[in-house]
Amino acid sequence: DTGVSQDPRHKITKRGQNVTFRCDPISEHNRLYWYRQTLGQGPEFLTYFQNEAQLEKSRLLSDRFSAERPKGSFSTLEIQRTEQGDSAMYLCASSLGEDSHYSNQPQHFGDGTRLSIL
Amino acid sequence: AQKITQTQPGMFVQEKEAVTLDCTYDTSDQSYGLFWYKQPSSGEMIFLIYQGSYDEQNATEGRYSLNFQKARKSANLVISASQLGDSAMYFCAMRGRVGSNFGNEKLTFGTGTRLTIIP
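From first to last, the protein sequence lines are chains U and B.
For the first sequence, the numbering used here begins at 1 and goes up steadily by one.
For the second sequence, the numbering used here begins at 1 and goes up steadily by one.
Take the hints with a grain of salt, since some may be wrong.
What the hints assert, rightly or not - Covered stretches of chain B, going by a simulated chain U footprint (3 or more residues, C-beta under 8 Å):
| # | segment |
| --- | --- |
| 1 | 14 to 27 |
| 2 | 66 to 75 |
| 3 | 86 to 98 |
| 4 | 105 to 119 |
Just so you know, the hints here were simulated from the structure itself, not pulled from any lab data.
None of the values given here were measured: they were computed from a predicted structure.
Every residue gets a Cβ at the ideal spot worked out from N, C-alpha and C, and that includes glycine.
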């Protein structure tokens with residue numbers, strides 16, 4: 001039973017550099033979510049994909065952030081020109097749900113990518 | 001907009017005792033879902049239990065039960081016979097609509113409760 005996989009687990013980079021994270025959801029899950037969690041807080045929603053379509057983006061997702069999910073399988077989250085405030089845990093989750101219906105299925109989370117900006 | 005409030009930043013409980021973690025919520029949606037997740041120090045978010053807004057019975061999953069009081073907008077997690085391995089952060093979350101399209105959803109999380117089980 002393979003769960004949600006995220007890579008890398010940790011990323012340390014200098015301010016101003018670009019970083020890219022990868023998420024592999026549970027194989028049959030059509031919905032994929034990205035969240036950001038800072039120290040002492042709960043996760044905050046960033047963006048949502050249904051299959052390959054990015055359907056929603058939070059205002060937290062500035063124009064330096066871009067997410068893709070080509071072919072509706074894995075997803076990538078890229079941050080350009082990183083800033084100190086981008087330091088956080090980036091969590092990916094996936095779930096199964098019918099189009100245009102809310103789901104009672106839980107979102108299953110990966111272990112996250114912890115980003116540290118020097 | 002949805003909001004989750006967890007008023008207990010930290011709790012200490014003796015091993016084998018039951019513990020209740022508080023969660024209140026606010027939403028204008030008629031249909032919503034409530035979830036509890038456990039986050040150990042290693043960082044992964046582990047799903048524990050789910051309660052739908054139209055479910056008439058309180059959800060139970062093994063040692064976990066959810067005390068759902070819709071009129072009071074509360075969804076407290078009860079852990080029976082606590083174990084040392086229950087020490088972790090616990091987050092209450094609500095599934096609600098995001099954007100204008102029906103079916104597009106996100107989870108809104110509270111700030112969590114750090115539970116420590118004392119041997």
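Hint check, failures only: 1, 2
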